[in-house]
Amino acid sequence: MTVQEAKFEYLLRLGDSSLIIGHRLSEWCGHGPILEEDIALINIALDFVGNATSLLAYAGQVEGKGRDEDALAYLRDEREYRNLLITEQPNGDFANTIARQFLFDTYMYFLYEELKSSKDETISAIAVKSHKEITYHLRHTTEWMYRFGDGTVESHERLQNGLNDLWMYTSEMFDMDEVDAILIKEGIVPDLNKVKVSWEKRVHEVIAEATLQIPVTVFKQKGSKEGKHSEHLGFLLAEMQYVHRAHPGAKW
Amino acid sequence: MSQDSQWPVWEVFLQGNPGIPHKHVGSVHATDAEMAIQNARDVYTRRSEGMSIWVVPANSISASSPEDQGAFFEPSNDKPYRHPTFYKIPEGVKYL
Amino acid sequence: MDDAKQLEAFEAKIASGAKIEPKDWMPEAYRKQLIRMMSQHAHSEIVGMLPEGNWITRAPNLRRKAILLAKVQDEAGHGLYLYSAVETLGVDRTELLYQLHTGKAKYSSIFNYPTLTWADIGAIGWLVDGAAIMNQTALARGSYGPYSRAMVRICKEESFHNRQGYEIMMSLAQGTPEQKAMAQDALDRWWWPAVMMLGPSDDKSPNSDQLMKWKVKMESNDAIRERFIDRTVPQAEFIGLKVPDADMTFDEKTGHYTHGEINWDEFFEVIKGNGPCNAKRLKDRSEADKKGAWVREAATAYAAKQIKERAIA
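Residue numbers (the numbering used here), protein chains in the order written: chain D, 3 to 254; chain V, 2 to 97; chain Y, 5 to 317.
Next up, chain D with everything else stripped away, as it sits in the complex (with noise of 0.2 Å):
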């Protein structure tokens, strides 16, 4: 594998998790629990869809065979795409939807935070700007997460039941192989290694104030990387897709 081939593969795995879970998150509008919140979400959303947008520009560039940012959202299979089964999860209700956010909010920003020194200097602008972003939503989940772990009993138990519905989904996240290592090699991007650190410290010490229990260890699940998805992703971009390859070439 050329660093080429690894820098397209790296891209695709950052701009397919910030498009899904965007997509996730923009079925919430105009279904949530207050107005204020709804706007909140919406938000979120919009700076995922931008950040999956300039990713997957990037991809498109670094693949060099004339896939735009379209081509590569709208005209991908299940199989290849590459974002963390975490991100495709559905809402649920919006306890398991927050602590998705909140387990997935405090990896990209860690991560984000080590892309900014990268190598390459596009990935390292797009870190920069999104790590600003990603910053915002963190502190928005996360209090979410105290209010809820630490609010009424029945908020607690729903987001407790979030939390270890999810957990099986965390691991992936850290998961390396060639393309890591041939990137970490080049100064391009991290060792996920000590984002797992910073990920972990920071998530047992938010679920311990909020009176939260860690999830027991379960089978972990894995297999994004490699395209091989949940169910879930299939219905997602079903839906996401057909107007755009119902009318093959048009411009929009």
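Hint data in this document are derived by calculation from the structure and do not stem from the laboratory.
Bear in mind the structure is a predicted one, so any value in this text is a computation, not a measurement.
Just to be clear, a hint being listed does not mean it is correct.
Here's a subset of chain V near chain D, in silico, CB distances under 7 Å, partners left out [to be verified]: (1) H30; (2) I38; (3) N40; (4) D43.
List of simulated lysine to aspartate or glutamate pairs, EDC-like, C-alpha gap at most 16 Å [unchecked claim]: (5) Y/K309 - V/E68; (6) Y/K160 - V/E35; (7) Y/K17 - V/E50; (8) D/K187 - D/E116; (9) Y/K312 - D/D152; (10) Y/K27 - V/E68; (11) Y/K309 - D/E145; (12) Y/K246 - Y/D189.
Glycine included, C-beta positions come from ideal geometry on N, C-alpha and C.
Put chains V and Y on the given structure of chain D with help from the hints.
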């Protein structure tokens, strides 16, 4: 009428640029100050209108009443000598 | 001061162009009418998020997706500004939403029509927001301070909505034959609802004169409708689309279009709750509200605990 609540109202003040006063822009609902600030950020600075936010619980604001208007504000109308334009300064005199 | 004198002072203030503020004296009819108008307007923004939100997950490219997200978010923001403005008259949002969810409050008839294709997103921005802007720029000159200020803000933000809608229609009209057909179909379905959403002729309404005098209403529905049609028909022609009104003529003398007959029966049926999507819209809104109840409760409980802890510490 349900027992449900849409949360207390907070008044929002934004500072648009450095050095100018915070200005009232509207309100949001929130359960605590942190949430009120975040909501204000999401609602009132979507087009980079602000660089600093104040939030105040709406019920903490005391306001003068319209009936006070006469007693409060009219007396100052006959004190033009508080304004610099009241004074005649000969042309050519500078720095005054 | 007795009521007659209060009224005289109130009307003089409005005539002078000054705004009425929340704590000022105001006739009960003025207060009631404002609550009715502002809350309907707020509900319309919130319900209006649904037909458009319906297409966020299916937007045909990433740029359109981002624009649509930003636009629907604006609608939520506008709803919020307007609810805040109603709250200055002493009705809280809990009560207003209760009225919406129980079907007691009305909202714009237009949002009870379905969005069937992507072109509908273009049609809504172009026609529905276009019609709304005509109305809102007038209302921004209204006499009630908080409403007028909310309108100024909304109008400023709304102009992008109108343009993005027209841009979508233009891309479609210049696109493949299928896309052009999609655009024309959307115009065919949304034209009359947009013409109707500005409301029935108000010569029948007995309150009109008083509301105009109090600057609650700024212009007659027909005047706003005429302006909307005059501006929109050439826009349609410019991109090669045809307004679905066979009887429409252009009067060279007045410089205005005369439209064919409006099917007011349909309008009143939709207002009454018999539009294609009334039931779904209300169900979606009240389900979101119900599902959010435990969230709101948890946040309230948490805040109360925090205050208590701080008091102990």
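How the hints compare with the structure:
{"no.": "1", "hint": "H30", "result": "holds (6 Å)"}
{"no.": "2", "hint": "I38", "result": "violated (10 Å)"}
{"no.": "3", "hint": "N40", "result": "holds (4 Å)"}
{"no.": "4", "hint": "D43", "result": "holds (5 Å)"}
{"no.": "5", "hint": "Y/K309 - V/E68", "result": "violated (40 Å)"}
{"no.": "6", "hint": "Y/K160 - V/E35", "result": "violated (28 Å)"}
{"no.": "7", "hint": "Y/K17 - V/E50", "result": "violated (32 Å)"}
{"no.": "8", "hint": "D/K187 - D/E116", "result": "holds (14 Å)"}
{"no.": "9", "hint": "Y/K312 - D/D152", "result": "holds (13 Å)"}
{"no.": "10", "hint": "Y/K27 - V/E68", "result": "holds (9 Å)"}
{"no.": "11", "hint": "Y/K309 - D/E145", "result": "holds (14 Å)"}
{"no.": "12", "hint": "Y/K246 - Y/D189", "result": "holds (10 Å)"}
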